[in-house]
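Put chain B on the given structure of chain A with help from the hints.
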Amino acid sequence: MTERTEPTERTEPTEHAEPTGRPVPGPPRDLTGYHGDPPAVVWPGGARIAIAIVVNYEEGSELSVGDGDATTDCGVTDLGWIPQDGRRNLALESLFEYGSRAGFWRLVDIFDEHDVKCTFYACAVALERNPDAAAIMRPKGHDVMSHGYRWEDHQLMDRDHERERIRLAVESIERTTGARPLGWYCRYGPGVNTRELVVEEGGFRYDSDDYGDDLPFWTRVNGTKHLVIPYSLVNNDGLFGAAGPGEDFYEHLRYTFDRLYTEGATHPKLMNIGLHLRLVGTPGRAKALSDFIAYAKSFPDVWFARRIDIANHWIEHHP
Amino acid sequence: MSVVPGPLRDVVGYNGAPPRVTWPGGARVAVAVTVHYVEGSERAIGNGDPFRETGWYAPDRTAERDLAAETMWEYGARAGLWRLLDVLEEYRIAATFFASAVALEKNPDAARALRPRGHEVAAYGYRYEDPRDFTRDQEAERIALAVESITRTTGERPVGWYSRTSPSIHTRELLVAEGGFVYDSDSYADDLPYWTPVAGGRHLVVPTTLADSDLHFEDKWFGSPSDFERQLTSTFDRLHQEGATSPKLMTIGLHPYVGGHPGRVQALTNALDHIADVGGAWFARRADIARCWKDMT
Numbered sequence: 001m002t003e004r005t006e007p008t009e010r011t012e013p014t015e016h017a018e019p020t021g022r023p024v025p026g027p028p029r030d031l032t033g034y035h036g037d038p039p040a041v042v043w044p045g046g047a048r049i050a051i052a053i054v055v056n057y058e059e060g061s062e063l064s065v066g067d068g069d070a071t072t073d074c075g076v077t078d079l080g081w082i083p084q085d086g087r088r089n090l091a092l093e094s095l096f097e098y099g100s101r102a103g104f105w106r107l108v109d110i111f112d113e114h115d116v117k118c119t120f121y122a123c124a125v126a127l128e129r130n131p132d133a134a135a136i137m138r139p140k141g142h143d144v145m146s147h148g149y150r151w152e153d154h155q156l157m158d159r160d161h162e163r164e165r166i167r168l169a170v171e172s173i174e175r176t177t178g179a180r181p182l183g184w185y186c187r188y189g190p191g192v193n194t195r196e197l198v199v200e201e202g203g204f205r206y207d208s209d210d211y212g213d214d215l216p217f218w219t220r221v222n223g224t225k226h227l228v229i230p231y232s233l234v235n236n237d238g239l240f241g242a243a244g245p246g247e248d249f250y251e252h253l254r255y256t257f258d259r260l261y262t263e264g265a266t267h268p269k270l271m272n273i274g275l276h277l278r279l280v281g282t283p284g285r286a287k288a289l290s291d292f293i294a295y296a297k298s299f300p301d302v303w304f305a306r307r308i309d310i311a312n313h314w315i316e317h318h319p
Numbered sequence: 320m321s322v323v324p325g326p327l328r329d330v331v332g333y334n335g336a337p338p339r340v341t342w343p344g345g346a347r348v349a350v351a352v353t354v355h356y357v358e359g360s361e362r363a364i365g366n367g368d369p370f371r372e373t374g375w376y377a378p379d380r381t382a383e384r385d386l387a388a389e390t391m392w393e394y395g396a397r398a399g400l401w402r403l404l405d406v407l408e409e410y411r412i413a414a415t416f417f418a419s420a421v422a423l424e425k426n427p428d429a430a431r432a433l434r435p436r437g438h439e440v441a442a443y444g445y446r447y448e449d450p451r452d453f454t455r456d457q458e459a460e461r462i463a464l465a466v467e468s469i470t471r472t473t474g475e476r477p478v479g480w481y482s483r484t485s486p487s488i489h490t491r492e493l494l495v496a497e498g499g500f501v502y503d504s505d506s507y508a509d510d511l512p513y514w515t516p517v518a519g520g521r522h523l524v525v526p527t528t529l530a531d532s533d534l535h536f537e538d539k540w541f542g543s544p545s546d547f548e549r550q551l552t553s554t555f556d557r558l559h560q561e562g563a564t565s566p567k568l569m570t571i572g573l574h575p576y577v578g579g580h581p582g583r584v585q586a587l588t589n590a591l592d593h594i595a596d597v598g599g600a601w602f603a604r605r606a607d608i609a610r611c612w613k614d615m616t
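Going line by line, the protein sequences match chains A and B.
In terms of the working numbering, the first sequence is residues 1 to 319.
In terms of the working numbering, the second sequence is residues 320 to 616.
For the record, the hints were derived by calculation from the structure and aren't laboratory data.
Computed spacing ranges between beta-carbons, pair by pair:
| no. | chain 1 | residue 1 | chain 2 | residue 2 | range |
| --- | --- | --- | --- | --- | --- |
| 1 | B | G598 | A | T266 | 25 to 31 Å |
| 2 | B | A382 | A | P44 | 44 to 50 Å |
| 3 | B | H593 | A | R167 | 53 to 59 Å |
| 4 | B | L327 | A | Y295 | 52 to 58 Å |
| 5 | A | T219 | B | A382 | 21 to 27 Å |
| 6 | A | T266 | B | T341 | 38 to 44 Å |
| 7 | B | H593 | A | K297 | 27 to 33 Å |
| 8 | A | P23 | B | D379 | 20 to 26 Å |
| 9 | A | K140 | B | D379 | 37 to 43 Å |
| 10 | B | A382 | A | G284 | 38 to 44 Å |
Cβ coordinates follow ideal geometry from the N, Cα and C atoms, glycine included.
Chain A with its partners taken away, still in its complex shape (with noise of 0.2 Å):
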């Protein structure tokens, strides 16, 4: 890696050429970061890449004709977005179930297999309706997570709703996993009131709706300081959908670790894998994951990580 030569102080913009006038709802954007000059982190260890490995376990908690819904929902499976009508679609609601029946304990098998934790960002519904599921997450050394009560689209709340969906996402997930979620990341994204609403509730440590950093980052609610620890929709099995198979993926997240890896000789970063029970549940594309959690740890200095161990990091460390 080169060292970069331009002094460390930093300008933030002033306000661009063309100001629209209109007011912007929600928190203001930041497109400077670190400036180009990010903190040297020394993960745990030493370790030049932290690896958070995401289960996103949703289903059960989708929109479902099956379940009394208007309509089922269509997200990140087998068959492609293909809005649904009214009429129930069994075939798409088996397609979910994969993932709560079999994907899961797939997903849980490989991770014992190679002692690596992961962090489940939990819909409470679907939980509530997995029990033992649920139960072993945190007994196995896994991080439980809020995603919402259901998965559902935060941007479409008003505030009063949103609020009454975040108490009752963290009240669930408490009762269902022994303990009550410290993270929160929106189904996609958040809406303009989300953050403000995930700090006003108080038990949360950070959240991880956003997608604009490789390393964590303070942002201001209201004047408190609050911890944002970014995600990825690109190291994600959502590609699967249009992109080839298992192996495909397998590639993929090896490209991103060389990458991060060769980075992380002075730079450590976080390396984000978005994984859906229904998709990477599945044996072959499970395989391509199992690869390359072999693949990462024939490395020394890697550190797989939990979300709330990098937020406990972060706390301590960058404060």
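Below, chain B alone, put in the same frame as chain A:
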């Protein structure tokens, strides 16, 4: 026949007999690494715009803020751009940045980092915007604003131009009228630069390509990063072969919010390693290629 507004089409070009050029050092291929820097100048509710870009998510809700999409663009400005700058430095490549002026205004440290590292900054609109959305007068004003802004944020005026999506029927005339532009890249029509008549004079076009662009990760033509790598090495290998008798131009198109992600950068560096192994490449800024062409033709 009705009168067609704008430039005449040219479906003949060099007529199968392109000029045999000699690139500096006798290189077989001129390789133009071209980084499109637009992050922060795209349409976004977070910018105060009435509508956001139409992404894949909720395309029917463009009047509502999409914080997820906004941060995906921000990744380019905060992480991807700096990673690409590091790679260009590692490989000692001087690149061309097609920059939307407002993107640079919103990231002053990035704007100031470009020219001192030897890169060219060409104009990619005042904002990331389609010139066809403007009247001729509005477009002339946007071009002038872009030139003024980029001169201010990077210390020098841009001498090259590239339009989002498509130039308007006025764009090329307006660039010539504005003056100071050595070339534009508003063409995908050839493997070599070419002269075109504008307002009684001649104007240089340095064509670009979408074939060797990281944007094919966005439309999912590329899945694994190695797809991008193989596309680049195949392009180079073919042009290297042709370059024994007929040297050409290769453009590698990069977007920090797309190609700045680490796995895709690994694909890029693998391809650059391959090009270095094969040899015969002249890594050139588009302005260098334009000036070279001006001297030769």
